[in-house]
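Colleague: Residue numbers (the numbering used here), protein chains in the order written: chain L, 1 to 82; chain Z, 83 to 257.
Calculated directly from the structure, the hints in this document are not laboratory data.
Predicted, not measured: the structure shown is a model, and the values here were computed from it.
Glycine included, C-beta positions come from ideal geometry on N, C-alpha and C.
Incorrect hints may appear among the rest.
Pairwise CB distance ranges (calculated) [to be verified]:
(1) 75(L) with 203(Z): 50 to 60 Å
(2) 76(L) with 221(Z): 17 to 27 Å
(3) 70(L) with 151(Z): 48 to 58 Å
(4) 211(Z) with 82(L): 49 to 59 Å
(5) 202(Z) with 70(L): 25 to 35 Å
(6) 98(Z) with 45(L): 27 to 37 Å
(7) 183(Z) with 70(L): 46 to 56 Å
(8) 203(Z) with 67(L): 45 to 55 Å
(9) 5(L) with 98(Z): 44 to 54 Å
(10) 183(Z) with 82(L): 19 to 29 Å
(11) 45(L) with 183(Z): 55 to 65 Å
Which stretches of chain Z does chain L cover? Using the computed rule of at least three CB atoms under 8 Å from a CB of chain L, they are [as the list claims (entries may be wrong)]:
(12) 122–133
(13) 138–149
The primary structure of each chain is shown beneath.
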Amino acid sequence: MFRLLAWRPILDPLPIDDVWYLLLLPIALGIAMAYKAVRVADLKTFPKQVLVMAVQTVLAIAGLAVGAYVVIELALPIIAPK
Amino acid sequence: MNPTPPPADERVEMNPGALLAALVLPGLGHVVRGERTRGLLAFSGVMLLFLTGLVAGGIDVVDRREDKFWFIGQACVGPVAFGVDWYHQNRLKVVDPNPKPPVVVGRSAVRSAYPTEGRDPKTGRPVAGGRPPNIKSIGKVNEIGMLACTLAGMLNVIVILDAGFPNRRRVRENG
């Protein structure tokens, strides 16, 4: 909390080392917005398509994280015990 | 055997004015072409990514001298990225009094201020005991910040191409 009070936006890095993974949310939203802005033919569907793509991106990355955890923390110790 | 030319409405045409405008500012090419809403949405997406990177990792994530290869991607955002880098190099970094070789003649060696240093705004030299103009980021926030700014540049390439070649989207949808 005190680190956040001393934080100068853009000049200093955001002191969120413990919850860095939350940065996935604005990144997924930004990618979806920029991509769908040039991809959709009818802009009336833009908000829905952005939301769907952003959610898909977040779920895919979360799935990769779960997969990596299963392989490294659970499967590898069984395959190659110490 | 001569290949059959595509029908007139499927030929990809170039819009040089929109292409140039898109190079100046993300989404401006679409605005020039008359698609104001699409341009604003593209601008919002690219700038959301770029600002997310800057806010997460600080201005340190845009650095054409220390992170040359990342900057190639970030430069695709356009003059905004070059402006941020210029400010970082010339207004935030300090002139190194003891530069490491090789020293390039006519180009002052600059570095980020150490945590215990400030910056003299007139000479740009480090001042002991002050607060550094900016703090270098390390670890995950640095990596994610650089990645977000570079992704902004990559996506702006798509936006630029879409602005410069207006009927590509239509051709793709028809095909």
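Colleague: 46 to 56 Å was suggested as the range; check whether the CB atoms of residue 183(Z) and residue 70(L) agree with it.
Modeller: holds, 50 Å
Colleague: Mind checking the hinted window 19 to 29 Å against the Cβ distance between residue 183(Z) and residue 82(L)?
Modeller: Distance hint for residue 183(Z), residue 82(L) is violated at roughly 47 Å.
Colleague: How about the segment 138–149 of chain Z: do at least three of its residues have a C-beta closer than 8 Å to a C-beta of chain L?
Modeller: Three-residue rule met by the segment 138–149 of chain Z, so holds; n is 5.
Colleague: Quick check on a hinted range of 49 to 59 Å for residue 211(Z) and residue 82(L), using CB atoms only.
Modeller: holds, 50 Å
Colleague: Under 8 Å between beta-carbons, do enough residues of the segment 122–133 of chain Z, three at least, approach chain L for the coverage claim to hold?
Modeller: holds (count 7)
Colleague: Looking only at beta-carbon atoms, does the pair residue 203(Z), residue 67(L) fall within the given range of 45 to 55 Å?
Modeller: Given range 45 to 55 Å: holds, Cβ gap about 51 Å.
Colleague: With respect to the beta-carbon atoms only, verify the hint that residue 76(L) and residue 221(Z) lie 17 to 27 Å apart.
Modeller: holds, 25 Å
Colleague: Does the Cβ pair residue 70(L), residue 151(Z) satisfy 48 to 58 Å?
Modeller: violated, 33 Å
Colleague: Holds or violated: the 55 to 65 Å window for the beta-carbon distance between residue 45(L) and residue 183(Z)?
Modeller: holds, 58 Å
Colleague: Starting from the hint 44 to 54 Å, judge whether the C-beta atoms of residue 5(L) and residue 98(Z) obey it.
Modeller: Between residue 5(L) and residue 98(Z), where Cβ atoms are some 50 Å apart, the hint holds.
Colleague: With 27 to 37 Å as the target window, see if residue 98(Z) and residue 45(L) comply at their CB atoms.
Modeller: With a Cβ separation near 30 Å, residue 98(Z) and residue 45(L) satisfy 27 to 37 Å, so the hint holds.
Colleague: Range first: 50 to 60 Å. Now tell me if the beta carbons of residue 75(L) and residue 203(Z) are that far apart.
Modeller: At roughly 57 Å between Cβ atoms, residue 203(Z) and residue 75(L) fall inside 50 to 60 Å, so the hint holds.
Hint check: violations occur at hints 3, 5 and 10; the rest are consistent with the structure.
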